[in-house]
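Engineer: Read off the chains here:
2 protein chains.
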Amino acid sequence: MSENAAAKESAIERFRALTTQIKSYEELLGVVYWDMRTGAPRKGIAQRSEAVGALSSEMFRLSTSSEMGELLDALSEPGAQDGLTAIDRKLIQETRKDYERNLKIPPELYREYVVLTSQAETAWEEAKAKSDFQGFLPYLKQIVDYNRRFIELWGVKGTPYDTLLDMYEPGTTTAELDRLFGELRKRLVPLAEEIAKRGDKPDTSFLQGKFDKEAQKRFSLYTLGQMGYDFEAGRLDESVHPFATGLSTGDVRITTRYLEDDLTSALFGTIHECGHALYEQNVDPALNGTPLCGGTSMGIHESQSRLWENMVGRSRGFWRRYLPELKKEFPAQLEGVDADAFYRGSNVVEPSLIRIEADELTYNIHIMIRYEIEKMLFNENLDPERLEEAWNAKYKEALGIEPSNAGEGVLQDVHWSGGMFGYFPSYSLGNMYAAQIIHTAEKEMPSLADDIEAGRLLPLKQWLTEKVYRHGKMLEPGEIIERITGEPLQSTYLCDYLEKKYKEIYRLG
Amino acid sequence: MSENAAAKESAIERFRALTTQIKSYEELLGVVYWDMRTGAPRKGIAQRSEAVGALSSEMFRLSTSSEMGELLDALSEPGAQDGLTAIDRKLIQETRKDYERNLKIPPELYREYVVLTSQAETAWEEAKAKSDFQGFLPYLKQIVDYNRRFIELWGVKGTPYDTLLDMYEPGTTTAELDRLFGELRKRLVPLAEEIAKRGDKPDTSFLQGKFDKEAQKRFSLYTLGQMGYDFEAGRLDESVHPFATGLSTGDVRITTRYLEDDLTSALFGTIHECGHALYEQNVDPALNGTPLCGGTSMGIHESQSRLWENMVGRSRGFWRRYLPELKKEFPAQLEGVDADAFYRGSNVVEPSLIRIEADELTYNIHIMIRYEIEKMLFNENLDPERLEEAWNAKYKEALGIEPSNAGEGVLQDVHWSGGMFGYFPSYSLGNMYAAQIIHTAEKEMPSLADDIEAGRLLPLKQWLTEKVYRHGKMLEPGEIIERITGEPLQSTYLCDYLEKKYKEIYRLG
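Protein sequence lines correspond, in order, to chains A and B.
According to the numbering used here, the first sequence is numbered sequentially starting from 29.
According to the numbering used here, the second sequence is numbered sequentially starting from 29.
Any given hint could turn out to be false.
Given that identical chains are not distinguished, each listed pair holds provided it fits within a single copy or across any two copies.
Simulated crosslink set (DMTMM-like; lysine to aspartate or glutamate; CA at most 20 Å straight-line) [unchecked claim]:
(1) LYS356 to ASP101
(2) LYS71 to ASP312
(3) LYS245 to ASP101
(4) LYS71 to GLU260
(5) LYS71 to GLU54
(6) LYS71 to ASP258
(7) LYS489 to ASP160
(8) LYS531 to ASP387
(9) LYS71 to GLU128
(10) LYS355 to GLU149
(11) LYS529 to GLU222
(12) LYS238 to ASP441
(13) LYS356 to GLU408
(14) LYS158 to GLU260
(15) LYS229 to ASP478
Derived by calculation from the structure, the hints in this document are not laboratory data.
Use the sequences and the hints to build the structure in full.
Structural biologist: What follows is the structure, encoded as structure tokens:
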């Protein structure tokens with residue numbers, strides 16, 4: 029081995045060890061965050077937040093260390109990557125991106141921010157339960173301030189808000205989102221109006237009533253099994269805000285929330301989170317333990333949860349197969365309801381206050397509202413004190429309804445307590461990705477509809493594993509969608525899909 | 029401020045920050061270990077073990093770093109501790125002890141060991157479930173080998189096994205344990221024999237039967253509440269091997285195990301773990317976040333669990349108050365049983381195979397067996413392959429019974445999978461400490477027996493908080509016992525207590 033080859037091997041080995049160490053810490057913090065959300069004792073939270081802050085700071089320190097800088101420089105020299113695997117090369121590329129981004133944040137600032145957001149999530153839970161916006165406001169103000177400072181430090185791209193957007197969906201801009209949301213609005217708002225005016229409203233009476241929590245839980249577990257969720261590589265728990273968390277391919281956890289007076293909340297929530305989980309469980313095991321093990325972007329991640337939730341879970345075929353199973357748990361409540369009625373009832377379009385319970389059509393309006401408010405916060409310096417007011421006004425204007433309290437309004441989502449500004453648009457991007465992907469899946473798997481109707485969900489899972497899941501972060505969102513569908517992201521597929529589905533349901537021929 | 033004063037402040041501040049960082053990592057690892065024992069998915073364990081290994085190594089590196097060495101040296105210079113608080117001074121003393129100990133272990137060796145013991149615990153759980161000693165043997169062999177190497181590196185004190193003992197109960201030696209166990213044997217073995225020959229055996233028929241798990245769980249939760257366990261600073265879960273874990277004073281978790289055919293297992297197991305938890309929940313909050321926050325030794329810790337389990341939970345007065353409550357859960361099974369019968373039945377003395385279900389009297393024999401086997405492993409180089417054989421022989425010789433499989437024999441305890449050799453003697457030390465402490469408590473609180481009989485358990489908790497809990501690691505085990513009782517640890521109190529209790533129960537006048 030030449031001296032150069034030896035030096036290169038040593039650099040790549042040290043680089044792999046360092047990125048593995050960072051990923052290890054991330055995994056451990058993932059367990060701790062999961063624990064904080066699923067039942068950690070209240071009185072331990074303040075001290076736990078300090079501990080989380082200490083390890084997050086260390087992760088941050090490692091990712092911005094001079095050793096990391098030197099290794100990245102050494103591995104970026106001409107010829108330094110010759111003979112390296114594709115995984116190593118992608119690892120270098122992704123790590124450099126994070127390195128350059130993180131280097132701009134002073135470590136002490138970052139540490140304070142981690143402690144703050146860790147405490148804020150608990151404060152949010154309490155404030156939400158009490159519908160107490162003022163109780164959460166001090167946290168929110170600080171989190172917004174930190175993000176404004178981060179934007180300055182990172183540098184404004186286009187608009188300040190673009191800087192945040194880029195973090196969740198690389199390359200996405202306010203300009204592009206304005207265009208995409210514009211197209212959605214142009215086709216979907218008239219559709220929603222037509223439905224409201226002339227649609228034949230489905231019966232939803234059977235979805236109201238009392239639905240035993242344990243029975244809902246059993247059906248959730250059953251559904252997860254049908255979808256191919258690996259219970260030896262995950263578990264289902266409860267939390268205020270449902271989430272999925274991928275700690276490694278062998279440990280991908282889901283939470284859900286059971287409402288005894290609402291059958292559909294946990295039903296579709298579980299399918300949604302399972303879509304996220306299938307992605308994380310089926311990443312190529314070769315990526316395990318590296319920072320490339322996980323979904324490639326929030327938009328692509330959301331495309332998988334929403335594809336399973338809406339295009340599979342809210343399809344007529346799905347209920348032809350699974351309604352009899354659901355009736356075993358709720359025979360009285362669902363007596364006399366057939367698959368068609370259940371399908372129509374669970375796809376009712378109705379302006380509502382809670383995003384995660386919204387129908388597919390108005391869902392994007394919930395996202396638009398958050399998108400516009402976040403733009404106001406960062407591009408127009410909206411005072412967070414005015415957030416509840418702005419929120420309520422936008423709901424009234426866009427959906428004609430207004431929250432009666434902060435719990436069903438501005439406090440409903442966990443995201444801002446964690447500083448996740450710029451994340452919400454991913455949900456609508458996910459809807460668009462999903463429609464475009466399922467359009468191709470239907471062409472490539474002519475039996476797809478029959479499979480779903482027969483309860484054979486695994487061929488779709490297999491196809492998505494092949495096309496999306498196994499790649500982890502090895503492919504960019506744009507590469508994934510182009511490889512699968514042959515073209516970049518379009519809004520057309522979502523609009524076509526929604527028009528076809530809802531005109532049929534609402535008998536608008 | 030003089031230059032010296034500034035340098036000192038800087039050293040103590042850096043020292044506090046460093047020890048806080050180490051303690052933070054310990055807390056996070058505590059959450060992860062708890063998770064691994066209470067429901068982490070099987071397929072994630074290997075990767076999780078790697079991640080745990082990475083952070084444990086970092087903790088180890090910090091605790092043996094040249095920075096730590098320099099700070100300890102600076103803070104040990106003449107006058108360097110003038111004006112420091114008692115907490116700081118104790119922190120320096122305890123940290124130096126760990127530093128000197130850890131410095132002798134090469135970091136790579138330590139890292140391998142952490143990964144090994146992390147995987148071994150899962151292997152043990154599976155092996156125990158299948159009673160498969162051979163399946164666990166490869167792990168056990170390695171763990172013993174590592175410990176033999178550690179002893180060499182640390183240096184042999186007296187005998188090799190003494191080096192391990194010192195870790196759990198500072199200052200304890202094989203010589204002292206031989207003496208204490210000798211005294212116990214001299215008085216307790218004749219007592220057990222007399223009971224077997226001439227005792228009036230209590231009726232235990234009502235303890236057999238079917239006891240609904242949910243009802244047991246409800247009673248466990250009720251009992252915890254009565255004992256003053258703070259549910260906002262803890263939670264109760266299930267695990268194969270019950271344990272308590274103190275992550276901070278605000279998060280002290282308990283697990284228990286419900287056997288549907290055995291009422292007493294969870295009943296007294298929960299009280300036992302709650303004794304540990306009361307200790308950890310009631311450490312002076314000023315010690316929170318420092319390495320001094322926690323029980324001072326395994327023996328003192330065990331004295332608290334066993335004081336609550338045996339001297340409170342297995343007392344006649346306790347059942348006069350709580351049997352009616354227990355009957356609410358199990359009216360049919362306990363019909364016609366009065367407090368006296370329940371007291372006698374739950375204190376039956378019987379040679380048995382499972383340590384954690386043993387009565388107070390024969391319990392020490394279980395410990396003696398483990399103590400003797402561990403001495404053989406480290407002082408006589410017993411091959412771990414012969415462990416099951418040695419175990420079975422000793423049970424036959426000492427208790428006249430032999431395990432029919434490894435699950436109820438050599439595999440029954442989790443300790444060895446975690447490399448905790450030298451820990452078991454703490455249980456008997458705990459019994460002795462407990463008897464000596466309760467002897468003083470009875471003198472200082474003349475109403476203690478009446479309080480327990482009236483369900484007033486909190487005065488005892490308060491007294492123990494004052495005498496034991498609040499001190500955390502600020503006092504050594506020897507200081508605690510001398511301060512409370514005015515003399516060093518004696519075996520007499522335990523023997524007196526057991527003789528009095530069991531002669532009365534077995535009507536041996």
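Engineer: Against which earlier hints does the structure fall short, listed by number upward?
Structural biologist: When the structure is compared with the hints, numbers 1, 3, 7, 9, 10, 12, 13, 15 turn out to be violated.
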